[in-house]
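**Student:** Respectively, the protein sequence lines represent chains L and Z.
In this text, residue positions in the first sequence follow this note's numbering: the first is 1, and each later residue adds one.
In this text, residue positions in the second sequence follow this note's numbering: the first is 1, and each later residue adds one.
No lab work stands behind these hints, which were simulated from the structure alone.
Positions of the beta carbon are idealized from the N, C-alpha and C atoms, including for glycine.
The reader is advised that the hints may include incorrect statements.
[Stated by the list, open to error] Selected chain L positions facing chain Z (in silico; Cβ < 8 Å):
no., residue
1, 141
2, 148
3, 149
4, 151
5, 152
6, 153
7, 166
8, 186
9, 190
10, 194
11, 198
12, 318
Here is how the chains run, residue by residue.
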Amino acid sequence: MSTAETFLDSSELVLNMGPQHPSTHGVLRVILKLDGEKVIGTECVIGYLHRGVEKIGENRTYVMFAPYVDRMDYISAVSNGLGYCLAVEQLGGYVAPPRAQTVRVILTELNRIASHLLWLGTHALDVGAITPLFYTMREREEVLKIFENYCGARLTTHAFRIGGLQYELYDGFEDQVRVFCERMLTKLDEYEELLTGNRIWVNRLTGVGIINAADCKRYGVTGPLMRAAGVAADLRKLQPYSGYEQYDFDIPTRVNGDSFDRYVIRMEEIRQSVRILRQAVERIPTGPVMAKVAKVLKPAIGEAYVSVEAPKGELGYFIVSDGSLHPYRMRVRPPSFLNLQALTEMCKGALVADVVAIIGTLDIVLGEVDR
Amino acid sequence: MSKLKQLFRTFFLVDLLEGLWVTFRNQHPKHIYTEQYPSERPQVAERYRGAPRLNNNPENNETLCISCNLCAIACPENLIVVGWERNPETKRKDLIQFTYDVSRCMFCGLCEDACPVDALELTQDFELASYTREGQVWDRQMLEEGPYPVKYKS
Chain L
1 MSTAETFLDS SELVLNMGPQ HPSTHGVLRV ILKLDGEKVI GTECVIGYLH RGVEKIGENR
61 TYVMFAPYVD RMDYISAVSN GLGYCLAVEQ LGGYVAPPRA QTVRVILTEL NRIASHLLWL
121 GTHALDVGAI TPLFYTMRER EEVLKIFENY CGARLTTHAF RIGGLQYELY DGFEDQVRVF
181 CERMLTKLDE YEELLTGNRI WVNRLTGVGI INAADCKRYG VTGPLMRAAG VAADLRKLQP
241 YSGYEQYDFD IPTRVNGDSF DRYVIRMEEI RQSVRILRQA VERIPTGPVM AKVAKVLKPA
301 IGEAYVSVEA PKGELGYFIV SDGSLHPYRM RVRPPSFLNL QALTEMCKGA LVADVVAIIG
361 TLDIVLGEVD R
Chain Z
1 MSKLKQLFRT FFLVDLLEGL WVTFRNQHPK HIYTEQYPSE RPQVAERYRG APRLNNNPEN
61 NETLCISCNL CAIACPENLI VVGWERNPET KRKDLIQFTY DVSRCMFCGL CEDACPVDAL
121 ELTQDFELAS YTREGQVWDR QMLEEGPYPV KYKS
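Just chain Z, same shape as in the assembly:
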């Protein structure tokens, strides 16, 4: 009996048709997962670790960074360079330089965790391509303003 059944299955390609039935079911439009990327940008998660940003105080537009150098110490790849000089009047450290080499960054988020004042943050921007290696080394202005990805027309 089972041999006859096997012959029937072999002759009428039953297992092939069973598989095709699965693919047919999955043609329904509710199963479409394709993202139309350049014209429609995906909404990444709130906690997404993308391009770094150096936050400014929204009230007076001064940098939140206190030049404590903790992010540079925490970074496994040593890609953050913080430059400061002591302000003789306020006795505080003034930030004069902040470079971040995005090409070596692995977006682990340790710098973000180390920052005591929420100045350095990994944002939701994920389009980081540039034409040169030098373009990957972001200076303070670039870090404050963020990358400028090309907006494609759909």
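Here chain L stands alone, though its shape is the one from the complex:
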């Protein structure tokens, strides 16, 4: 930027936002180039939470690595586990039994709701509405209780194993899910009452952080951000996995691609998840939950790329096997990392206060960005 472009000859200011800034949802550092209050350039500095997950994967056996993927996107650990298990199953030629597939769908959809709820609470907190955080945490607690009852952990669940499930369903699982679905829909109306009509909420989000469909494709942005820009891209429909083709649900889309649209999309996605849950919980087949998997897992030489629709976008696992106990190469395609790249595009011409709203609406988890 040349100085001639600045307003009233005020000098440019370079401001570091983060890594300790509370609204960056972790340890993201954004270098903002400011002209007064206006943002004329942003640059993200990442890597503060780098743990070398991919390298760890190359030094562990296939079964051992499964708990580590939960720690990338710790808000939606179940989706991460599903993607990894599907990738290894494709590599080894295993297919999970129907009962396991249905339970997987139920747990991932519950996790999608939990992830969106946490996003809603923290995003509203960033923008200035403190109340929704307490309410969304309360509903998320119900999901975490189901996880705790099912697999014994609340956050880093390690719920799925390669070839199916380790645990059989506990008594009362179906009822608990049904009660949660009922409760969730009424509570969603309550959130809408708090936020959708709220003038401050609407004014803070409408027209902020616009990204169009072409830019989404250019940056590899997926998930609710892309659907808010008008592209009905959802891997659950485009390449169904784990039996998603049996369920009847819609992909919500909007046209503007601004922050408010992304809010509407995520609220609608919770409704659709509840719809899937209600169908799935009525048709859990009987039978085994685990396929016959070799005790010592040595997949044949080859490679597999499997992507699933995580709450934040397309989550892909690329695994190369050289026929030994450990993967030869492990690569994760995290949705948060690619969605974060669009920040520069979205922040052009925004105000500093809008940057907080835009980072919030991206729904990033830094554990997944840095891996």
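Fit chain Z to the supplied structure of chain L, relying on the hints for placement.
**Tutor:** Chain Z in isolation, oriented as in the chain L frame:
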């Protein structure tokens, strides 16, 4: 008309009052979720994966562990060390040492799954704090007896 309505809503702060009505409704005591933690301990799930325990046979109080070392092999973090020596009379392996480094444990439950005799188990105890790093390395006695969390008086 809609402009007039908008002006009415703006002037009388209708959307603010709508939001306040939601918060007012949620003040009802049945919506209280707060747990009074140290005085009231939460009931964790039956399958909760917490502190490890090495089970003894309740009849003769001998350890169930057969020193097969499968848990140590299954552990992703290599934090279990099993020591044994061959008993010349019974030709079986006798457990002489079992250490478990809780500070590195991520409670994934793979050791529990690997155990063929249900000797190693992750229990419902979740209070694992200690003052030293060495206190996190649990020996066989600690694993058999379990942690001693301080009981606070309510």
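**Student:** Hey, does the residue 186 of chain L contact hint survive, CB to chain Z under 8 Å?
**Tutor:** violated (11 Å)
**Student:** Quick check on residue 149 of chain L please, does its C-beta sit within 8 Å of some C-beta on chain Z?
**Tutor:** holds (5 Å)
**Student:** Please check whether residue 318 of chain L passes as an interface residue: C-beta within 8 Å of a C-beta belonging to chain Z.
**Tutor:** At 21 Å from the nearest chain Z Cβ, residue 318 of chain L fails the 8 Å test, so the hint is violated.
**Student:** Does the nearest C-beta of chain Z fall within a distance shorter than 8 Å of the C-beta of residue 152 of chain L?
**Tutor:** holds (4 Å)
**Student:** Are residue 151 of chain L and chain Z close enough, Cβ to Cβ, to be under 8 Å, as the hint says?
**Tutor:** holds (7 Å)
**Student:** For the hint on residue 190 of chain L, does the least C-beta distance to chain Z fall short of 8 Å?
**Tutor:** holds (6 Å)
**Student:** Holds or violated: the hint that residue 141 of chain L contacts chain Z, with Cβ atoms closer than 8 Å.
**Tutor:** Residue 141 of chain L check passes; min Cβ-Cβ to chain Z is 7 Å, inside 8 Å.
**Student:** Taking the least C-beta to C-beta distance, is residue 153 of chain L closer than 8 Å to chain Z?
**Tutor:** Nearest chain Z Cβ about 6 Å off; hint holds.
**Student:** For the hint on residue 194 of chain L, just tell me whether its beta-carbon gets within less than 8 Å of chain Z.
**Tutor:** Interface hint status for residue 194 of chain L: holds (5 Å vs cutoff 8 Å).
**Student:** Please verify that hint: residue 166 of chain L, Cβ, nearest Cβ of chain Z, below 8 Å or not.
**Tutor:** holds (6 Å)
**Student:** Hint validation: residue 148 of chain L versus chain Z, beta carbon distance must be below 8 Å. Holds or violated?
**Tutor:** Residue 148 of chain L check passes; min Cβ-Cβ to chain Z is 4 Å, inside 8 Å.
**Student:** Does the closest beta carbon of chain Z sit nearer than 8 Å to the beta carbon of residue 198 of chain L?
**Tutor:** At 5 Å from the nearest chain Z Cβ, residue 198 of chain L passes the 8 Å test, so the hint holds.
Hints 8 and 12 from the earlier list are contradicted by this structure; the remaining hints agree with it.
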